[in-house]
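Protein sequence lines correspond, in order, to chains A and B. Letter by letter, the first sequence follows residues 9 to 190 in the numbering used here. Letter by letter, the second sequence follows residues 9 to 190 in the numbering used here.
Be a bit skeptical, because a hint or two may be false.
Treat identical chains as interchangeable: a pair holds within one or across any two.
The calculated lysine to aspartate or glutamate pairs, modelled on EDC-like cross-linking and capped at a C-alpha distance of 20 Å, are [said to hold, decoys possible]: (1) K10 / D152; (2) K139 / E25; (3) K164 / D27; (4) K63 / D106; (5) K139 / E168; (6) K139 / D27; (7) K10 / E148; (8) K10 / E56; (9) K164 / E25; (10) K22 / D161; (11) K22 / D57; (12) K164 / E56.
These are calculated hints, taken from the structure and not from any lab test. Please read all numbers here as calculations on a predicted model, not as lab measurements.
There are 2 protein chains.
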Amino acid sequence: MKFCSQCGHSVSQKIPEGDNRARFVCTHCNTIHYQNPRIIAGCLALHEDQVLLCKRSIEPRLGKWTLPAGFLENGETTEEGALREMREEANANATILDIYTMFSLPHISQVYMFFRAQLTDLNFSPGHESKDVRLFREDEIPWDDLAFPVIYDTLKFYMEDRVNNHFPVRTRDIRYKPSSHK
Amino acid sequence: MKFCSQCGHSVSQKIPEGDNRARFVCTHCNTIHYQNPRIIAGCLALHEDQVLLCKRSIEPRLGKWTLPAGFLENGETTEEGALREMREEANANATILDIYTMFSLPHISQVYMFFRAQLTDLNFSPGHESKDVRLFREDEIPWDDLAFPVIYDTLKFYMEDRVNNHFPVRTRDIRYKPSSHK
Numbered sequence: 009m010k011f012c013s014q015c016g017h018s019v020s021q022k023i024p025e026g027d028n029r030a031r032f033v034c035t036h037c038n039t040i041h042y043q044n045p046r047i048i049a050g051c052l053a054l055h056e057d058q059v060l061l062c063k064r065s066i067e068p069r070l071g072k073w074t075l076p077a078g079f080l081e082n083g084e085t086t087e088e089g090a091l092r093e094m095r096e097e098a099n100a101n102a103t104i105l106d107i108y109t110m111f112s113l114p115h116i117s118q119v120y121m122f123f124r125a126q127l128t129d130l131n132f133s134p135g136h137e138s139k140d141v142r143l144f145r146e147d148e149i150p151w152d153d154l155a156f157p158v159i160y161d162t163l164k165f166y167m168e169d170r171v172n173n174h175f176p177v178r179t180r181d182i183r184y185k186p187s188s189h190k
Numbered sequence: 009m010k011f012c013s014q015c016g017h018s019v020s021q022k023i024p025e026g027d028n029r030a031r032f033v034c035t036h037c038n039t040i041h042y043q044n045p046r047i048i049a050g051c052l053a054l055h056e057d058q059v060l061l062c063k064r065s066i067e068p069r070l071g072k073w074t075l076p077a078g079f080l081e082n083g084e085t086t087e088e089g090a091l092r093e094m095r096e097e098a099n100a101n102a103t104i105l106d107i108y109t110m111f112s113l114p115h116i117s118q119v120y121m122f123f124r125a126q127l128t129d130l131n132f133s134p135g136h137e138s139k140d141v142r143l144f145r146e147d148e149i150p151w152d153d154l155a156f157p158v159i160y161d162t163l164k165f166y167m168e169d170r171v172n173n174h175f176p177v178r179t180r181d182i183r184y185k186p187s188s189h190k
């Protein structure tokens, strides 16, 4: 951030009065520009003993398999965001069962949350960010070709919890050290 | 938002290619400025049969009782944010037990989450946003003087669930219609 989105003058980093961390503050109108983590909401969509995965048609992790998920938008509930991603990435209709996994990724200021969901029909197809959408039984899941650690963990938790048909909310932090070269 | 935070030129609202909703886009450098919901993380801090509440010394809801909570900061996990708010608002130390309640407030693009936490000592005191900090037994809770619906709901859920000593994650949407006058 270099300029104030309210008045267009330059910003500088400083600690506002009563605050304890540096913020971007406008040198002209003194507006404080807070920056906060973003939520990514998605679905673990189920049909009988199968889960729905999408093959990514975009970077990053093009060609890898993922659960439908994306940035929560202003004006949405978390469940609405998760179901919208189901429609956008898989043209799929589902109903939310419950919140299931939540991950903090502090190095990139993201919080992921996945909801267990029940597919309401099998009329799914690739959306504009997917090149394939399929249902997978446990022994068919492409464990070595999953897009992100949060996908791997959510599927692993689910396969463990399914044995007891009990799905407590699972939380985990995923931290990466900054790489030493860009 | 009126100006681009990257180059200082004016922005206009338009739907970027490949997107399906209006964003602020710079008329000069074409940077897309996404705006997303923010997370508020807090603690339901426990000591024996009591819960910790803070009396607000700031607006909104000055003088009302609240659970320590605040905006999650970049670089934090949700648990770290919740514990930081405990320190800032109540000078209190606690350990997280588990995620307990989550609320979507789509009309203001906020997601609240409260963690059950155990106080590690009783050396708490008002922080700079509080004028009092106290432990309350169930029959002492000032139900009519709580700051926000999310506080009321979290305390009600807790008192219900405590009977069975079972604390499933509770989720709820809280929606307000825009008021007809400002």
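Against the structure, the hints:
1. In the homo-oligomer, the alpha carbons of K10 and D152 never lie at most 20 Å apart, since the shortest distance is 41 Å inside one protomer and 45 Å across protomers.
2. Taking identical chains as interchangeable, the C-alpha atoms of K139 and E25 lie at most 20 Å apart only when they sit on different chains, with a minimum of 19 Å there against 51 Å within one chain.
3. Taking the shortest Cα distances, K164 and D27 never come within 20 Å of each other, neither inside one copy (41 Å) nor across copies (32 Å).
4. Taking the closest pair of Cα atoms, K63 and D106 never come within 20 Å of each other, the shortest separation being 24 Å inside a single copy and 33 Å across copies.
5. Taking the closest pair of Cα atoms, K139 and E168 never come within 20 Å of each other, the shortest separation being 29 Å inside a single copy and 47 Å across copies.
6. In this homomeric assembly, K139 and D27 come within 20 Å of each other (Cα to Cα) only across copies, at 17 Å, whereas the closest approach inside a single copy is 47 Å.
7. For a Cα distance limit of 20 Å, the shortest separation of K10 from E148 qualifies neither inside one copy, at 49 Å, nor across copies, at 50 Å.
8. In the homo-oligomer, the alpha carbons of K10 and E56 never lie at most 20 Å apart, since the shortest distance is 52 Å inside one protomer and 50 Å across protomers.
9. Taking identical chains as interchangeable, the C-alpha atoms of K164 and E25 are never at most 20 Å apart, the minima being 46 Å within one chain and 36 Å between chains.
10. In this homomeric assembly, K22 and D161 never come within 20 Å of each other (Cα to Cα): the closest approach is 39 Å inside a single copy and 37 Å across copies.
11. Taking identical chains as interchangeable, the C-alpha atoms of K22 and D57 are never at most 20 Å apart, the minima being 54 Å within one chain and 43 Å between chains.
12. In this assembly of identical chains, K164 and E56 lie within 20 Å of each other by CA distance solely inside one copy; the values are 17 Å within and 36 Å between copies.
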